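Protein chains in written order, with this note's numbering: chain A, 1 to 131; chain B, 1001 to 1378.
These are computed hints drawn from the structure, not numbers from a lab. Any given hint might turn out to be false.
[Claimed, not checked] Derived SDA-like pairs: lysine to any residue, alpha-carbon spacing no greater than 25 Å straight-line:
{"no.": "1", "chain 1": "A", "residue 1": "75", "chain 2": "B", "residue 2": "1344"}
{"no.": "2", "chain 1": "A", "residue 1": "75", "chain 2": "A", "residue 2": "60"}
{"no.": "3", "chain 1": "B", "residue 1": "1315", "chain 2": "A", "residue 2": "37"}
{"no.": "4", "chain 1": "A", "residue 1": "2", "chain 2": "A", "residue 2": "15"}
{"no.": "5", "chain 1": "B", "residue 1": "1123", "chain 2": "A", "residue 2": "31"}
{"no.": "6", "chain 1": "B", "residue 1": "1173", "chain 2": "A", "residue 2": "74"}
{"no.": "7", "chain 1": "A", "residue 1": "31", "chain 2": "B", "residue 2": "1166"}
{"no.": "8", "chain 1": "A", "residue 1": "75", "chain 2": "A", "residue 2": "128"}
{"no.": "9", "chain 1": "A", "residue 1": "75", "chain 2": "B", "residue 2": "1027"}
{"no.": "10", "chain 1": "B", "residue 1": "1178", "chain 2": "B", "residue 2": "1203"}
{"no.": "11", "chain 1": "A", "residue 1": "27", "chain 2": "B", "residue 2": "1189"}
{"no.": "12", "chain 1": "B", "residue 1": "1255", "chain 2": "B", "residue 2": "1348"}
{"no.": "13", "chain 1": "B", "residue 1": "1315", "chain 2": "B", "residue 2": "1369"}
Just so we're clear, the structure is a prediction, and the values are computed from it rather than from any experiment.
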Amino acid sequence: MKKSDFTILVADDDPDYLYQTVFGLEKAGYKTVAAASQAEAEAVIARFRPSLAIFDLMMENDDSGFILCYRIKRKYPDVPVILATAVSHETGISFSLDTGSEKSWIRADVYLEKGIRPEQLDHEIMKLLKI
Amino acid sequence: MAVLKLLVIDDEPGIRSGVFRILNNFNVNYPFMDEDYTFDVTEAATGEEGIRILERDMPDIVLLDNKLPGIQGVDVLEFIRNRKYEIVVAMITSYASLDVALKAHRFGATDFIPKPFTPQELKSSIENITKQLYLRRITHRMNQEGKKIRYQFLSVLSHELKAPLNAVEGYLKMMQEKESGDSINDYATAIERSLQRISGMRNLIMDLLDFTKIRLERKDEKIEEVHLKEIAAGAIITVQPYAIQMEVNIKLTVKSDAVIMADPTDMEIIFNNLVSNSVKYNKRGGKAEIIIDSNENDVIVYFTDTGIGITESDKENLFNEFVRIKNEKTKNISGSGLGLSIVKKVIELYNGTITVDSLPEAGTTFTVRLPGKQTNNT
């Protein structure tokens, strides 16, 4: 399958980050659906199965990203999820998917800090989608 | 599958068997719970029996009737509290008088299930309690692992500071790679957005500087006589360009001239923030007014506007750090979420208070009281 066969859901309440991410993904060849809030993303998930989802962690709720991961994995267990955030680990709240206990309650496949290069994001997506 | 131990203490056998039947096949699942929770129900007909079972089984949840034959429900509650048992208690009672409710609440009951209840009412209460229990345990575990949530301020700050940097960096990279075309005109939006984000970040940094100023021990305080009407006039001048743009008319009313002993910089922080909010969250063509008044004890300043207002539920967190009311009307207004928390801290330095009255769509009034009015006898 080629990249244009995949539709990626991107949810972020930062309009610039949302725009840039969607821009980069479309440039790389993917189809995209953009959501500007947790609520919008939930509405998308309710009626549409994306090939992959990228969620921001903090939107209208501090844990919006976690909730979206949970919701999407409940409805579509096979859809890979990337959780992205600008919260850095040196501040004390750190999440990684390295330990079993964290992996069991953070239902994301990959955890990325924001500011990643578009090629790097593309690389992660290709791995998850096995392109 | 995790099992929570639940003890129901009630002298009515019908209630006990009802709870047993309803919760026997019930399970609770919320986001992040790695497994479903089910319930193992034990019964006690009296408070005395309940306490015996409590000590033996250490249940997670107790459903407690208040009106019991021997010792009363609130006595059981007090027992649990004195022993510092980590048990969530919900009162089930048909005698939910205000008195009992207050006492129960004071002794740490987390929930009230009025009798008679439907299976659904019981289930949703239990669902809530289970969520609380789960969150409490997660927090506990995180504390044990040294992941203290007291760093929340820093983490939110780091988020707020990094977000605009990421946005600007992203746009610059797009330009560097010429991703939207070869002409500078292809990047007009990117440039415009970058400038907006930088200006937002500047505001945040300015507020942060104010914030650290008041957080630090201040030895260089310059306490002097401050005429609040002068501070008010200064704040109006500062915000005037923005007010003209927004077509908001600002009025100053001095009912009684107020002079207080204070650091003028502190008073400027209070007035500048509140006056700028009354313009920022106003409607085009709206009004803002500062009213300075005083009585024998306090100086009272009202900051009134005819703006978009604040809903009752948003008022609760209004003065917390990094709280910004997010809705359709505020999404294009930039702010750091620090202004009001700074204002509150400064006012508290002077043992004053700030309160808010608001009606959505009609307007908001902030009332600032500063004690220790100094008249002209100094």
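Status of the hints after comparison with the structure:
For the suggested pair residue 75 of chain A and residue 1344 of chain B, the alpha carbons sit about 45 Å apart, so the restraint of at most 25 Å is broken. A hinted pair counts as satisfied when its Cα atoms are at most 25 Å apart, and residue 75 of chain A with residue 60 of chain A qualifies at roughly 22 Å. The suggested pairing of residue 1315 of chain B with residue 37 of chain A holds, with an alpha-carbon distance near 22 Å, which does not exceed 25 Å. The suggested pairing of residue 2 of chain A with residue 15 of chain A is violated, with an alpha-carbon distance near 28 Å, which exceeds 25 Å.
Simply put, residue 1123 of chain B and residue 31 of chain A have alpha-carbon atoms about 43 Å apart, too far for the 25 Å limit, and the pair is violated. The suggested pairing of residue 1173 of chain B with residue 74 of chain A is violated, with an alpha-carbon distance near 37 Å, which exceeds 25 Å. Restraint check for residue 31 of chain A and residue 1166 of chain B: satisfied, since their Cα atoms lie roughly 23 Å apart, inside the 25 Å limit. Between residue 75 of chain A and residue 128 of chain A the alpha-carbon distance is near 18 Å, which keeps this suggested pair within the 25 Å criterion.
For the given pair, residue 75 of chain A sits about 19 Å from residue 1027 of chain B by alpha-carbon distance, which is consistent with the 25 Å threshold. Distance hint between residue 1178 of chain B and residue 1203 of chain B is unfulfilled; the C-alpha atoms sit about 30 Å from each other, more than 25 Å. The hinted pair formed by residue 27 of chain A and residue 1189 of chain B meets the criterion: a straight-line CA distance of about 18 Å does not exceed 25 Å. With a C-alpha separation of about 24 Å, the suggested pair residue 1255 of chain B and residue 1348 of chain B falls inside the 25 Å cut-off, and the hint holds.
Our distance criterion of 25 Å between C-alpha atoms is met by residue 1315 of chain B and residue 1369 of chain B, whose separation comes to about 18 Å.
The structure fails hints 1, 4, 5, 6, 10 (numbered hints given earlier, in ascending order).
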